[in-house]
Structures are given as structure tokens and as C-alpha cells.
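Please arrange chain B on chain A, whose structure you already have, making use of the hints.
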Amino acid sequence: MTAAAVEAGWRRRLERRELAARLFVVACQVATLLGLLFVAILLVDVAQNAAPYLRRELVTNFPSRFPHQAGYASALVGTVYVAGLMSLVSFPLGVLAAVYLEEYAGPGPLTRLMEVTIANLAAVPSVLYGLLGLGLFVEGLRLGKSILAGALTLALLVLPLTILFSREAIRAVPFSFREAAYALGATRWQVVRHHVLPYAAPGILTGTILSLARAVGETAPLIMLGALQYVPFLPRGVLDYFTVLPIQVFNYVSLPNPEFRRLAAAGILLLLAVLLALNATAIGLRRRSQIRW
Amino acid sequence: MDTVLGTRVRPEVLPRSVSEGEVILRVQGLRVWYGSTPALRGVSLDIPERRITAVIGPSGCGKSTLVRAINRMNELIPTVRTEGRVLFRGQDLYGPGVDPVEVRVRIGMVFQKPNPFPKSIYENVAFGLRLHRRCGRRELDERVERALRQAALWDEVKDVLHRKNGLELSGGQQQRLCIARALAVEPEVLLLDEPCSALDPTATARIEALMEDLTRDYTLVIVTHNMQQAARVSDFTGFILGGELVEFAPTQQLFTTPRDRRTEEYITGRFG
Numbered sequence: 001m002t003a004a005a006v007e008a009g010w011r012r013r014l015e016r017r018e019l020a021a022r023l024f025v026v027a028c029q030v031a032t033l034l035g036l037l038f039v040a041i042l043l044v045d046v047a048q049n050a051a052p053y054l055r056r057e058l059v060t061n062f063p064s065r066f067p068h069q070a071g072y073a074s075a076l077v078g079t080v081y082v083a084g085l086m087s088l089v090s091f092p093l094g095v096l097a098a099v100y101l102e103e104y105a106g107p108g109p110l111t112r113l114m115e116v117t118i119a120n121l122a123a124v125p126s127v128l129y130g131l132l133g134l135g136l137f138v139e140g141l142r143l144g145k146s147i148l149a150g151a152l153t154l155a156l157l158v159l160p161l162t163i164l165f166s167r168e169a170i171r172a173v174p175f176s177f178r179e180a181a182y183a184l185g186a187t188r189w190q191v192v193r194h195h196v197l198p199y200a201a202p203g204i205l206t207g208t209i210l211s212l213a214r215a216v217g218e219t220a221p222l223i224m225l226g227a228l229q230y231v232p233f234l235p236r237g238v239l240d241y242f243t244v245l246p247i248q249v250f251n252y253v254s255l256p257n258p259e260f261r262r263l264a265a266a267g268i269l270l271l272l273a274v275l276l277a278l279n280a281t282a283i284g285l286r287r288r289s290q291i292r293w
Numbered sequence: 001m002d003t004v005l006g007t008r009v010r011p012e013v014l015p016r017s018v019s020e021g022e023v024i025l026r027v028q029g030l031r032v033w034y035g036s037t038p039a040l041r042g043v044s045l046d047i048p049e050r051r052i053t054a055v056i057g058p059s060g061c062g063k064s065t066l067v068r069a070i071n072r073m074n075e076l077i078p079t080v081r082t083e084g085r086v087l088f089r090g091q092d093l094y095g096p097g098v099d100p101v102e103v104r105v106r107i108g109m110v111f112q113k114p115n116p117f118p119k120s121i122y123e124n125v126a127f128g129l130r131l132h133r134r135c136g137r138r139e140l141d142e143r144v145e146r147a148l149r150q151a152a153l154w155d156e157v158k159d160v161l162h163r164k165n166g167l168e169l170s171g172g173q174q175q176r177l178c179i180a181r182a183l184a185v186e187p188e189v190l191l192l193d194e195p196c197s198a199l200d201p202t203a204t205a206r207i208e209a210l211m212e213d214l215t216r217d218y219t220l221v222i223v224t225h226n227m228q229q230a231a232r233v234s235d236f237t238g239f240i241l242g243g244e245l246v247e248f249a250p251t252q253q254l255f256t257t258p259r260d261r262r263t264e265e266y267i268t269g270r271f272g
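From first to last, the protein sequence lines stand for chains A and B.
The numbering used here numbers the first residue of the first sequence as 1 and each following residue consecutively.
The numbering used here numbers the first residue of the second sequence as 1 and each following residue consecutively.
In short, the hints are calculated from the structure, not lab data.
Keep in mind that the hints are not guaranteed to be accurate.
Unchecked claim - What follows is a list of derived Cβ distance ranges for each label pair:
id	chain 1	residue 1	chain 2	residue 2	range
1	B	Glu145	A	Tyr104	31 to 39 angstroms
2	B	His162	A	Val80	38 to 46 angstroms
3	B	Gln228	A	Pro92	36 to 44 angstroms
4	B	Asn226	A	Thr187	28 to 36 angstroms
5	B	Gln228	A	Arg12	36 to 44 angstroms
6	B	Glu208	A	Thr187	47 to 55 angstroms
7	B	Gly42	A	Leu128	52 to 60 angstroms
8	A	Ala201	B	Glu168	42 to 50 angstroms
9	B	Glu208	A	Gly84	56 to 64 angstroms
10	B	Gly97	A	Leu128	32 to 40 angstroms
11	B	Glu142	A	Val80	36 to 44 angstroms
Unchecked claim - Some, not all, of what chain B presents toward chain A, calculated at C-beta under 8 angstroms:
id	residue
12	Met73
13	Val105
14	Gly108
15	Met109
16	Phe117
17	Leu140
Built from N, CA and C at the ideal position, the CB exists for glycine as well.
Extracted from the complex, chain A is given alone in its bound form (with noise of 0.2 angstroms):
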């Protein structure tokens, strides 16, 4: 073969993978565009049909027999007060056990049976928190279908959630600050306080944030528990029915009065801002406390 023809033979398969470069940032750009489409289209068709329900008593009024004067305040308050008290619980048991994992729990097939009992947790289908939540604490706690009932069934919900974030978020402290610590004669406490919790408190409250997130969406274990579909008043404490806002769309969609669904969008609306405020706040925080190193 000719020096020319191996000079052509090599451009040609260049070509060929230069090709196959540019298809493959087409494919991910297609597959992106995609994705922000559907959303784009769910969002304008919602919108159009929440359009005239847009208002301020949107907010302020609560469920009636007449679309143009219901609204979603108990619902709103509800998720509030729920997704608040659930946090409570969540919080501090998710972290603590996450730091008992990674800091203290040695290697051994006891760590490895927890730490794989709640990565399947975390996959359990959440209608079956909803019957765990009646049986353990509406029924055996005899808390009834409040909201203290909500929060703590929502707070098992999540809590395999927020161990696995901030274990993430612990795992990723390097060793070498918890060695340098230790060098200087620092106990296993002082290590994780000082250090371990301090560098990775963005990440744990990004995956706590995440994890709230994901609650306050849930409609299904809170449906099994009995939450209320109708609350025309906003709960006076933590032992008082309640509902949250799915249930409430959840319960206008199923009306047959057609201005019930525009109302329906509206609340979609909502509970859509309420997450997309709860994931800003988690971005938010993400960038002003990030420690680099």
C-alpha cells in the first residue's frame, strides 16, 4: 500500500469518528431537551386550566360545595404543620444514625445488615408506610388520624432518605481531616463534631431539604392513615385532623363538577411552588456554606 492510501484510509476513519462524536452530544442534547418539553407542556396545560383560580383565595379559603369559594388554606396549613413536625423527627434520628454508621458501627455483618435493610427501606413502596402509620401509631398509639399521626408516618417515610443523603454527605469528608484531628489527639466525638458534621452539613441539609421534599408530594400513605378530605378549619394543634394539599387535589379531581378540576390545577400549581421553593432553599444553602477542599 501506498503512503497516500494509508493517509486516506486513516482521514476516512477520522471522519467516521468525528461523526460519531457529534451524534453522541445530539443524542444527550435531544434526550435533555426531552425531558424540559413534557415538563414545559404539563406546566402551560395546568396553567391554562388553573388560569381563573390564580388568586389570592386560592389561599385563603377553605374546601366548599362551590368551586368558585373553595380554596386551600387547611390544606396548605396542613402540609406546613406536618411536613414541619416530621422534620423534627426525621432530622435528628436520620443524622444520628448516619453518624453511627460511618463513624462508629465497625465493618461486620451487622453494619452490612443494616446498612442493606435500609437501602431497601428507602425502595418500599410508601402505601405501606400508610398501613404501618394506622396500625403503629393511629390504632396502637391510639393518636387518631392526626396530624401527629402524619408527621411521625411520614418521619418513617423518609427517615432510610435522609441516613442515606447524609451518609453521602459524611462519607464524602476526606479521611485525611478526621486523620489530622486524631494526629492531634482529638476523641472520636470531638473529631465528628469539630469536623466530620461541620464539612458535611451542606450535604446533609441538601438531602434533608430533598427528603421534605419528597414527603410533602405523598399522598398515598397519608390517603391509607384516613386524613381527612374535607377540613373546613385550620388545626388548633398537633392532635387535630388535617389534610395536606395532594389529598386536597386528590379529592377535587374525583368531584364530577367540572370547575372542581380547573381548582385542582390551581392546587397542582401550589404544591409545585411549595417544592420548587423547598429545592431552591436546598440549593441555596448548598452554595453559601460549601467548604471546598
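Chain B in isolation, oriented as in the chain A frame:
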């Protein structure tokens, strides 16, 4: 109860008086395993006080394992098993009732890769002090300054103590910050595990000059795979091969008239 560096010490547990001449650390029959893999197969050597002792040997020979056994850092790795004795001023550091935290206060360590905390320079140095004692603002300031001066870093950082993060310093400055951090708790022995392997020649020279100064107050043990460095800075050198101490002698002697054929082969560059 006696007080050493703010930690309460039972005098009979760690005697401070030297009764054995100038030997501060006596390693006896030290064996270490990672799981079932032996890393040290019975090492014994005496480390003299206020001298620089170098430990050389090829990668993976166990020299880091040896120094990390001296301040009980190995046990942070869950699968490590240690046998034998490390006598510090006559007291076995692996004996019953000896707290590894106390061992690490009296035997400090500097690592291969500079590892300052992601905090201000001041906080880096003050961290060790805050762990062990309550001291007032002024005393803390003085001790931080003294440690930074000892590590020959003070003049470069005195204006940015609180403003600059330890990680914003250059590699050589970071390593001197780590030395200052270790010195701040006033240990008696400083272990240096390949402290210059991540540094350029200029930074290396500064650290070596600094080590000389430190022998006025401290006993230094340095692990290095750089034989010139061992020859330049140390008073005594141990050569480790395959987890065994092949030879331990005054540096001059080890590099000019090694007694073991393997030492000679290593220092003349025939393997390793």
C-alpha cells in the same frame, strides 16, 4: 494527679523522668498485620531523644506503618492488629490503661499530603490547643504565634491569620502550617511521614532547615523514600525491607559503611 498539657495524667502511667539515658522511644518486637497481611514482622529499635531519626526503605516496606504504630494511628484502620511493645520513656504505649488520645498528644504527627483543615490559619493552629485546655484569648494568641514562628511560617501569614483559609496557602506553606498545628500542642516527639514528598525542592529545603531547628526541643522521626534527604537531615537511620529492620545505625555509618549487603544494594540504587 499531675497535669500535662492540660490533660490529667496519672504519674505512674506515663513517667516524665528519663531514666534510660537518651533513649525516648524503644520499639520492641513490633508486629503489625493489615487483616492477614503482615506489614511489620518484628521490628526493634531505640530512638534517641532530641535527634532526628530517619526511616528509609522501598515503597510498601512498612516504614509508614512503623511510625503510625508509634502514636497508635494504625488502629483507626479497623482491620489492623498490633503485637509487641513501644516503650515511651519506659512506659508501654500499648499497655492496659493507656489512652491513645494521650499518646497522640505527646507524640504528634505530620502527614505525607499536607492536610490543613478548611478553616482559617489561626483556627488550624488553635484547634489542638482548644481540644485539651481552656485558655484565654491572649494565651491562645501567644501560643498560636509561637507555633507559627517555630514552623517558620509566622512572617508569611501574620497579616492574614483570620482572613485566609489554610487551604489557600501554597503546598509548602500548608505543610509548615501542619507542622505548626502539631507543635502547638507541645508534643515531645514529632513523627513526619514523608513530609516533603508532595513539595518542590525549595519548599523541601525550608522544611529540612526547620527540622534542624526543631531538634532543640523535639525528638523527630522522619519517614522518607528520598535517601539524600535522610543523609542530609538525620542523625540515625533505619533501613526497612519487607517489614523487617535490616539495619539501624548512625546515618554517617549506614550510608558509608553499611554492614548488610541489602542496605548497600538499596543505598547504591540497585533496587527499590
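Going through the hints against the structure:
The hinted window of 31 to 39 angstroms between B/Glu145 and A/Tyr104 holds, with their beta carbons roughly 37 angstroms apart. For the pair B/His162 and A/Val80, the supplied restraint of 38 to 46 angstroms holds, since their beta-carbon distance comes to about 40 angstroms. Distance hint for B/Gln228 and A/Pro92: a CB-CB separation of about 55 angstroms, inconsistent with the stated range 36 to 44 angstroms. The hint said 28 to 36 angstroms for the Cβ distance between B/Asn226 and A/Thr187, and at roughly 35 angstroms that hint holds.
Here the CB-CB span from B/Gln228 to A/Arg12 is close to 54 angstroms, at odds with the stated 36 to 44 angstroms. Take B/Glu208 and A/Thr187: their Cβ atoms lie about 34 angstroms apart, and the range 47 to 55 angstroms is violated. Checked against the given bound of 52 to 60 angstroms, the beta carbons of B/Gly42 and A/Leu128, roughly 57 angstroms apart, stay inside it. At about 21 angstroms, the beta-carbon gap between A/Ala201 and B/Glu168 misses the expected band of 42 to 50 angstroms.
Distance hint check for B/Glu208 and A/Gly84: the Cβ-Cβ separation is about 59 angstroms, which falls inside the suggested range of 56 to 64 angstroms. A C-beta distance of roughly 51 angstroms is found between B/Gly97 and A/Leu128, which places it outside the suggested range of 32 to 40 angstroms. Distance hint check: the CB atoms of B/Glu142 and A/Val80 are about 52 angstroms apart, inconsistent with the given range 36 to 44 angstroms. With a cut of 8 angstroms, the hint placing B/Met73 at the interface with chain A holds, because the nearest CB-to-CB distance is about 6 angstroms.
Restraint check, B/Val105 versus chain A: the minimum CB separation of about 4 angstroms is within 8 angstroms; hint holds. Look at B/Gly108: its Cβ gets to within about 7 angstroms of chain A, closer than 8 angstroms, so that hint holds up. Using the Cβ-Cβ criterion of 8 angstroms, the hint placing B/Met109 at the interface with chain A is satisfied: the shortest such distance is roughly 4 angstroms. With a least beta-carbon distance of about 6 angstroms to chain A, the hint placing B/Phe117 at the interface is held under the 8 angstroms criterion.
Proximity of B/Leu140 to chain A is violated relative to the hint, the smallest CB-CB distance being about 15 angstroms (cut-off 8 angstroms).
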